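Go by the hints and put chain B onto chain A.
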Amino acid sequence: MSREYETVIGLEVHVELATKTKIFCGCKTDFGGAPNTHTCPICTGMPGALPILNKKVVEYAMAVGIATNCEITKYSKFDRKNYFYPDNPQNYQISQLYLPICRNGKVEIEVGGVKKEIGIHEIHMEEDAGKLVHDEWEDVSIVDYNRSGVPLIEIVSEPDMRSADEVIAYLEKLRQTIQYLGASDCKLNEGSMRADVNISVRKIGQKEFGTRTEMKNLNSFKAISHAIEGETERQIELLEMNREVIQETRRWDDNKESSKSMRSKEDAKDYRYFPDPDLPPICIPDEWIQKVKDNQPELREEKLERYKKDYDISEYDASLITESKHLADLFEETTAICNKPKRVVNFILGELLRLLKEKEMDDSDISFSPENFAKLIELVDSGVVNSTVSKQVFGEIFENNVDPEVYIKENNLMVVNDDGELEKVIEEVISANPKSVEDYKAGKKKAIGFLVGQTMKAMQGKANPGKVNQILTEKLQ
Amino acid sequence: MSAHKITDEVIEYVGILAKLDLNDEQKEKAKKDMEEMLEYVDKLNELDTSDIEPMTHIFPIENVFREDEVTNSDGKEATLLNAPEKKDDGFKVPKTIEG
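Protein chains in written order, with the UniProt record's numbering: chain A, 1 to 477; chain B, 1 to 99.
Derived from the structure by calculation, the hints contain no laboratory data. Note that the coordinates shown come from a computational prediction; the quantities given were computed from them, not determined experimentally. Please note that the accuracy of each hint is not assured.
From the structure, some residues in chain A lie toward chain B, with a derived Cβ separation under 7 angstroms [to be verified]:
id: 1; residue: Thr19
id: 2; residue: Thr21
id: 3; residue: Thr39
id: 4; residue: Cys40
id: 5; residue: Asn54
id: 6; residue: Ile142
C-beta: ideal position from N, C-alpha, C; glycine also.
With the rest of the complex left out, here is chain A (with noise of 0.2 angstroms):
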């Protein structure tokens, strides 16, 4: 039935920004802190503490706002919101209502092959609210300020969005542009990154949107499909039944895969915004602007173009690899150390992405050196490790960060270079194995591969499997 609606997407995403201290005081912006201990007068609301601006965050603002094709405003000032809430000391928030700090930008997308245009409506700086814990015995609340007063970009989009495919598609070019710039981790599961999600359904050919809900809570991009796929299906099951979608905040379920009605939502008027009389305006000549342009880091599409001149790697993997900051660096780094970057990008993006898929990590999560990396990949070159053996060492590194030559010869994990011990075995694999070496002797030339593995299993894989191969070879003639 859903044929005959389309779904209309738009998102309000927040980003973290990645400045040391706070957007109007010097208190320190670190994830994880004992509660409380990055808090101030100004940033816990005191009576008199007076804000102000921290320049960093007005440059990572114009920095994602020159990046998304936005107008930088030249002309900018601070609103307060007024809401009451215990994770808002000041009982408002500092914000941009009037004059955000970016507008009209737009980014591309590309689902199934298909480029799309994504508007972005407008940028604007606020300050983050504390954190509420719901404590487990005792029917309270704790709130910790260590997030109050963090700065945060809110990037909102216009409704052009038709599926969740082009949703994440939209997030995830949103997050390679913020990485690349360095203005943000935007790790979805700490909360660096957050979307709110704006779904309506109409009829298609249907001119006018259909009302809209706001979703919240989600915290990562399968929670945000399922909820954009959960909700247009509810909001059709409503206009089947000929009842009207409310407009209203609904928040996520992971677990439950539904949602619910949070509050009716606040209309803008019910925030009485007005400007906050404590910061002066923002004025940006042309002069901050060309120089911010200036400073731009290399962005993605910069340095495939780049790795196609510099490497001798596939234009495929090139682009695979320039995808995530992340990977890129590293790449970058372990190849100016081991020169050798087609055996750097095969590690990264077989064994590397199989463990951080395997553990359900970000590549932002990858922790250990890139020396200890390049150092592995000199040992597989000058075959001091068979690739067996070279991605159990990788595993290690990937853990623990150990140092491979260490770690091999503490666990004695050198291939047998010694080809009378290697015949030796070889002879013992033959003569236990007698079905096997018939077959081969009738015809079957696959069954020398059973015969290789034993080998290997018995050298517990610190053989030549090329040198292994050629002995049987030989010997079974």
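Below, chain B without anything else, positioned relative to chain A:
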């Protein structure tokens, strides 16, 4: 009789937004106060401001910034002195609905 009538519904709604529980007497008083405030705003509206640029700040200053440098150390103790009730180094508050 005021030109602006604050209805029971409006005062009820403002009370909800402000998280205030008003009794009938307080409501009547608040209604009167708000009506007077709106009248005063009407008075301001008598001025012709069509040629005047909206003011964004009372002083003619702009671009007051600080550098991104950590200047504050552990502020937990001082901050928690302001907590009417605490638990686990946090402010203890009535249970909030998640969100």
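Hints and how they fare:
With 7 angstroms as the threshold, the beta carbon of Thr19(A) comes within range of chain B, its nearest partner Cβ sitting at about 5 angstroms, so the hint holds. This hint holds: Thr21(A) has a C-beta 5 angstroms from the nearest C-beta of chain B, less than the 7 angstroms allowed. Checking Thr39(A) against chain B by beta carbon gives a least distance of about 4 angstroms; that is within 7 angstroms, so the hint holds. At its closest, the beta carbon of Cys40(A) sits 5 angstroms from a beta carbon of chain B; the interface hint therefore holds under the 7 angstroms criterion.
For Asn54(A), the shortest C-beta to C-beta distance to chain B is roughly 5 angstroms, which falls under 7 angstroms, so the interface hint holds. With 7 angstroms as the threshold, the beta carbon of Ile142(A) comes within range of chain B, its nearest partner Cβ sitting at about 4 angstroms, so the hint holds.
In summary, this structure violates none of the numbered hints.
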